[in-house]
Amino acid sequence: MPGNHLSNDEFFTQLVGLFESRQKKGHGSVLLTQKRLTQGESSATTSSAKAADDPLWDLHPPHPVPIIIRASNGKSKERRPDKVKLSTVVQPGDLDAFYTRYAEVCKSGMQALKKRDRSKRKKDKAKKKKAGGAGTDAEKKA
Amino acid sequence: MVNLPTSQEWLEQSSQLLQARPTTTRITTKYTIPNPTAKSKSKKQRRPPVTAAASSDPSYSAAALPPLRALLTLKTYDPDSGACIKYQTDKAAEVGRLVASLGRLGRSMAAMPAIEDAPVSDAPQAEEIPPSKAEPIEGKQQAQGGGGGASKRKKKGKK
Numbered sequence: 001m002p003g004n005h006l007s008n009d010e011f012f013t014q015l016v017g018l019f020e021s022r023q024k025k026g027h028g029s030v031l032l033t034q035k036r037l038t039q040g041e042s043s044a045t046t047s048s049a050k051a052a053d054d055p056l057w058d059l060h061p062p063h064p065v066p067i068i069i070r071a072s073n074g075k076s077k078e079r080r081p082d083k084v085k086l087s088t089v090v091q092p093g094d095l096d097a098f099y100t101r102y103a104e105v106c107k108s109g110m111q112a113l114k115k116r117d118r119s120k121r122k123k124d125k126a127k128k129k130k131a132g133g134a135g136t137d138a139e140k141k142a
Numbered sequence: 001m002v003n004l005p006t007s008q009e010w011l012e013q014s015s016q017l018l019q020a021r022p023t024t025t026r027i028t029t030k031y032t033i034p035n036p037t038a039k040s041k042s043k044k045q046r047r048p049p050v051t052a053a054a055s056s057d058p059s060y061s062a063a064a065l066p067p068l069r070a071l072l073t074l075k076t077y078d079p080d081s082g083a084c085i086k087y088q089t090d091k092a093a094e095v096g097r098l099v100a101s102l103g104r105l106g107r108s109m110a111a112m113p114a115i116e117d118a119p120v121s122d123a124p125q126a127e128e129i130p131p132s133k134a135e136p137i138e139g140k141q142q143a144q145g146g147g148g149g150a151s152k153r154k155k156k157g158k159k
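One line per chain: the protein sequences are H and L, in this order.
Using full-length UniProt numbering, you'd call the opening residue of the first sequence number 1 and step up by one each time.
Using full-length UniProt numbering, you'd call the opening residue of the second sequence number 1 and step up by one each time.
Any given hint could be a false lead.
Stated by the list, open to error - According to the in silico footprint, chain L covers these stretches of chain H (three or more CB under 8 Å from chain L):
hint: 1; stretch: 8–16
hint: 2; stretch: 27–34
hint: 3; stretch: 65–73
hint: 4; stretch: 101–111
Stated by the list, open to error - With a straight-line cut-off of 27 Å between C-alpha atoms, the simulated DSSO-like cross-links for lysine-lysine are:
hint: 5; chain 1: H; residue 1: Lys24; chain 2: L; residue 2: Lys75
hint: 6; chain 1: H; residue 1: Lys115; chain 2: H; residue 2: Lys77
hint: 7; chain 1: H; residue 1: Lys83; chain 2: L; residue 2: Lys75
Derived by calculation from the structure, the hints in this document are not laboratory data.
It should be emphasised that the depicted structure is a prediction, and the values quoted were computed from it without experimental measurement.
Note that CB positions come from ideal geometry on N, CA and C, so glycine has one too.
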């Protein structure tokens with residue numbers, strides 16, 4: 001489906017919407033995939049020629065290659081009509097900016113994960129301690 | 001299929017797989033909010049059955065039934081070799097770090113030079129691990145001597 005890719009900005013806008021729709025519904029999934037872009041502009045002919053010459057050609061490509069990010073709501077089979085599919089191509093130079101924003105969107109979108117919030121977990125102190133410990137651990141690492 | 005206990009190990013192994021097969025390897029991030037009404041397919045997410053004794057004690061049953069939490073699963077998969085590396089978490093605090101890991105792996109997918117302390121030189125270090133297990137002190141010193149291993153060791157020491 002080349003040609004259907006969204007711009008990075010549009011992708012983020014729709015990804016935020018996808019997270020929100022899951023959150024509203026109370027259940028469901030969001031799938032995000034990243035992969036080296038192997039189809040499109042320059043590759044189809046050159047890559048097969050390279051592959052014939054050297055099976056390990058892809059280990060050291062001459063130029064940085066773009067990567068493709070896909071997002072979906074994981075609906076398939078009988079629910080195929082409800083499926084949401086987003087994709088965007090990130091150019092090598094845009095990677096850092098993209099991932100910075102990606103992190104923000106993911107952090108705000110994944111609200112149903114276990115939080116470090118202590119006030120809510122006063123009921124069982126053992127668990128609270130555990131969560132707190134893991135939290136500070138993560139902080140140190142970050 | 002391998003389920004790894006820490007995100008750091010997941011990052012290291014994914015990075016190695018990606019170096020070996022940069023074109024076919026994909027990384028899937030799955031964020032799932034379980035449906036509380038539907039029967040879960042996986043045993044892990046199923047609520048424990050309420051026994052007669054537990055149901056008579058309201059405080060126990062409340063503690064035994066934690067609210068269903070969303071899960072985040074990271075999966076690195078290479079369809080050519082069939083290698084599959086997974087890491088699963090339910091902690092919101094990890095999201096930022098995990099996306100940063102995705103960013104690093106994304107750079108190596110794009111064949112961009114890795115940023116400063118990216119684990120590029122970790123591959124040879126992996127072979128030094130077995131001797132370090134046999135002789136912990138000596139092995140550790142040896143690994144720290146090798147430049148690339150320093151960052152890896154540091155992180156392990158912090159835990």
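*Honestly, which of those hints from before does the structure not fit?*
Of the numbered hints, 1, 6 do not hold.
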